[in-house]
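**Q** The residues making up each chain are set out below.
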Amino acid sequence: MTAPVQMKTRDAADARSAGVTVWRTPGERIALRWRRRPAVVASILLLLLIPLGLGVLLSGTFEIGLGDLWAAATGSAEPSVARVLGLIRAPRLVAGIAVGAALGISGAVFQSITRNPLGSPDIIGFVTGAATGAIVAILVFEAPPWGVSAAAVAGGVLTALLVGALSLRGGGGGYRLVLVGIGAGALLGAVNDMLMTHSQRDEALAAQMWLVGTLNARDWGEVLPTLVAVVVLVPVLLGVRHGLAVLELGEDQARQVGVPVGAVRLVALGAAVALAAFATATAGPIAFVALAAPQLVTRIGKATSVSLVGSAAMGAVLLVAADLVSQHLPLNLSAPVGLVTGVLGGVYLLWLLGRGR
Amino acid sequence: MDARLTAQGIRLAYEGRIVVPELSLEIPDRGFTVIVGPNACGKSTLLRALSRLLTPQAGTVALDGEPLGSLRSKEVARQLALLPQQVATPDGIAVTDLVARGRFPHQRLLRQWTSADAEAVDEALRVTGTTDLADRHVDELSGGQRQRVLLAMTLAQETGILLLDEPTTFLDMAHQVEVLELCRRLHREGRTIVAVLHDVNQACRYASHLVAMRDGEVVASGDPSELITPALIERVFGLATRVIDDPVTGTPLVIPLAGWAAVSSPAVSAERAAAPAEESA
Numbered sequence: 004m005t006a007p008v009q010m011k012t013r014d015a016a017d018a019r020s021a022g023v024t025v026w027r028t029p030g031e032r033i034a035l036r037w038r039r040r041p042a043v044v045a046s047i048l049l050l051l052l053i054p055l056g057l058g059v060l061l062s063g064t065f066e067i068g069l070g071d072l073w074a075a076a077t078g079s080a081e082p083s084v085a086r087v088l089g090l091i092r093a094p095r096l097v098a099g100i101a102v103g104a105a106l107g108i109s110g111a112v113f114q115s116i117t118r119n120p121l122g123s124p125d126i127i128g129f130v131t132g133a134a135t136g137a138i139v140a141i142l143v144f145e146a147p148p149w150g151v152s153a154a155a156v157a158g159g160v161l162t163a164l165l166v167g168a169l170s171l172r173g174g175g176g177g178y179r180l181v182l183v184g185i186g187a188g189a190l191l192g193a194v195n196d197m198l199m200t201h202s203q204r205d206e207a208l209a210a211q212m213w214l215v216g217t218l219n220a221r222d223w224g225e226v227l228p229t230l231v232a233v234v235v236l237v238p239v240l241l242g243v244r245h246g247l248a249v250l251e252l253g254e255d256q257a258r259q260v261g262v263p264v265g266a267v268r269l270v271a272l273g274a275a276v277a278l279a280a281f282a283t284a285t286a287g288p289i290a291f292v293a294l295a296a297p298q299l300v301t302r303i304g305k306a307t308s309v310s311l312v313g314s315a316a317m318g319a320v321l322l323v324a325a326d327l328v329s330q331h332l333p334l335n336l337s338a339p340v341g342l343v344t345g346v347l348g349g350v351y352l353l354w355l356l357g358r359g360r
Numbered sequence: 069m070d071a072r073l074t075a076q077g078i079r080l081a082y083e084g085r086i087v088v089p090e091l092s093l094e095i096p097d098r099g100f101t102v103i104v105g106p107n108a109c110g111k112s113t114l115l116r117a118l119s120r121l122l123t124p125q126a127g128t129v130a131l132d133g134e135p136l137g138s139l140r141s142k143e144v145a146r147q148l149a150l151l152p153q154q155v156a157t158p159d160g161i162a163v164t165d166l167v168a169r170g171r172f173p174h175q176r177l178l179r180q181w182t183s184a185d186a187e188a189v190d191e192a193l194r195v196t197g198t199t200d201l202a203d204r205h206v207d208e209l210s211g212g213q214r215q216r217v218l219l220a221m222t223l224a225q226e227t228g229i230l231l232l233d234e235p236t237t238f239l240d241m242a243h244q245v246e247v248l249e250l251c252r253r254l255h256r257e258g259r260t261i262v263a264v265l266h267d268v269n270q271a272c273r274y275a276s277h278l279v280a281m282r283d284g285e286v287v288a289s290g291d292p293s294e295l296i297t298p299a300l301i302e303r304v305f306g307l308a309t310r311v312i313d314d315p316v317t318g319t320p321l322v323i324p325l326a327g328w329a330a331v332s333s334p335a336v337s338a339e340r341a342a343a344p345a346e347e348s349a
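Chains A and B, in that order, give the protein sequences.
My numbering puts the last residue of the first sequence at 360; the count rises by one with no breaks.
My numbering puts the last residue of the second sequence at 349; the count rises by one with no breaks.
Derived by calculation from the structure, the hints in this document are not laboratory data.
These numbers were taken from a predicted model, which means no experiment stands behind them.
A hint or two may mislead.
The calculated lysine to aspartate or glutamate pairs, modelled on EDC-like cross-linking and capped at a C-alpha distance of 20 Å, are [unchecked claim]: (1) A:K305 <-> B:E226; (2) B:K142 <-> A:E81; (3) B:K142 <-> A:D222; (4) A:K305 <-> A:E251; (5) B:K142 <-> B:D132; (6) A:K305 <-> B:D203; (7) A:K305 <-> B:E187; (8) B:K142 <-> A:E254; (9) A:K305 <-> B:D132; (10) B:K142 <-> B:E226.
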């Protein structure tokens, strides 16, 4: 096949759209169109993960320098360095990326379907519900990581069904969904706290850390479920991305233009609930990433439709950056990553809002 | 009359409440059909059934002889397009991007923007006179402009049949005429148009075929100049009127009588019935 042709904006309708790139193979078997700015933003975010990732790999009480990293990469590092990197730092970094991406893209899907930024899974109680499932699995059943993830998904799905059923009663959607979700989240949050206070005393601190969201002491076993979920479900969501975009115009318009509305909603919501649940099973309920990542990407990238890849990238960057900050706080302050995401994401969002559109 | 889109004995209901008990209708091919009637007479419900958004409880809606329910939704979307009453436009979306979303039935996973897609959007913008607005944000546009852009989105679907659900509601007079003249132009270019309109006079001006509904039934249908009489308006809308010829277009012009008594009262109806030939000058 001859090389793809990148069309400059000189084509008919394309010429009218400044800032749009079109990419077609000869014969147009593949023909894609995207807005440049959101694509650039997503690319920059992905690139940012490199310095941030290096930062995480180099942070911690055990001294590791760039030279050690290089040695580990070429297989000539000391065993202790390799062990710390391979069993502690690397899973921590991968957890940050996978959990952040999962939350970011889950938030984007929820906010798109509900057409409401407040419809994010961390606002409407799904994340808290997933945490309930995870806590029950950990404390009551002492389940292994895959069991915890499954229980978290079950918790998230049950919460989703409960919130959905309760909010449908009054005509569904809109603020009723948000209010019911906030209520459910508050209730389940109380349940979580109660379960935690009944845990063994020596586990209480670790349990409390987990409840506020942390990437500490994640091993590969705990990271793997979320990583697999991201690798499997993100392409699924990309597949229904265009149906989701049309769905934002209203159910009538989506139906009449041929979008299989029921199927798209089911697949998208199912994947989004699962991703949020897996993320919560790995790192605990982390505040704000699912809400903030899509909003930040939309505002910075000036995108107007579901920005799935951008939200995933922003979520990963937010969480890894928060992890880095939480490890380097001045004055020997120690804060789990969940607190830092709230501060970082919140401050940045307020600043963007204050600047105007 | 040739008719690609037909309804036979359909019964339509929402949540157990029957809106249309039994209705049969043929949409004349290449015609400009307008459906009029009082609020809650079922005209929008009928349009939704014609566009497969609502499945009839009984009877069939058929396109080219095939029941709508048996056709794949994307395939129907290439033949028939509906502009719904409510379309939510995302914040900050540009006109071109909104119009481009009408291309969905022609797109595949990796074939999102072929030259055919670009040309269709181009043409839709040109026909609706919105080419200059291509890069503007939809939420910055005036009511008439926004409606024209939504019409462009429906046109980008490239269908032979257009269903328009109250395309002029909430627009001021000038913008209403703007949209209707655009529809007339689309009709002249060979499309089949079915529109639900509130204004009977506008309907008379633009329709080649008028369908008057009340309480979920077709009361009368046909050529507007033959159909529209005070008796029919009384029967459909419960309003006492005079009907004259529009001094500009010659089509029927419906003028409500003065005073509260003009709204259907038994005395007025009896008077009307007693003096039938007086009013159609």
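**Q** Each hint should be assessed against the structure and marked as holding or not.
**A** Hints, verified against the model:
1. A:K305 <-> B:E226: 29 Å, violated
2. B:K142 <-> A:E81: 61 Å, violated
3. B:K142 <-> A:D222: 47 Å, violated
4. A:K305 <-> A:E251: Cα-Cα ~17 Å, so holds.
5. B:K142 <-> B:D132: Holds, at roughly 16 Å.
6. A:K305 <-> B:D203: 13 Å, holds
7. A:K305 <-> B:E187: 25 Å, violated
8. B:K142 <-> A:E254: The hint holds at about 15 Å.
9. A:K305 <-> B:D132: 44 Å, violated
10. B:K142 <-> B:E226: 13 Å, holds
Going through the hint list in order, the structure does not satisfy hints 1, 2, 3, 7, 9.
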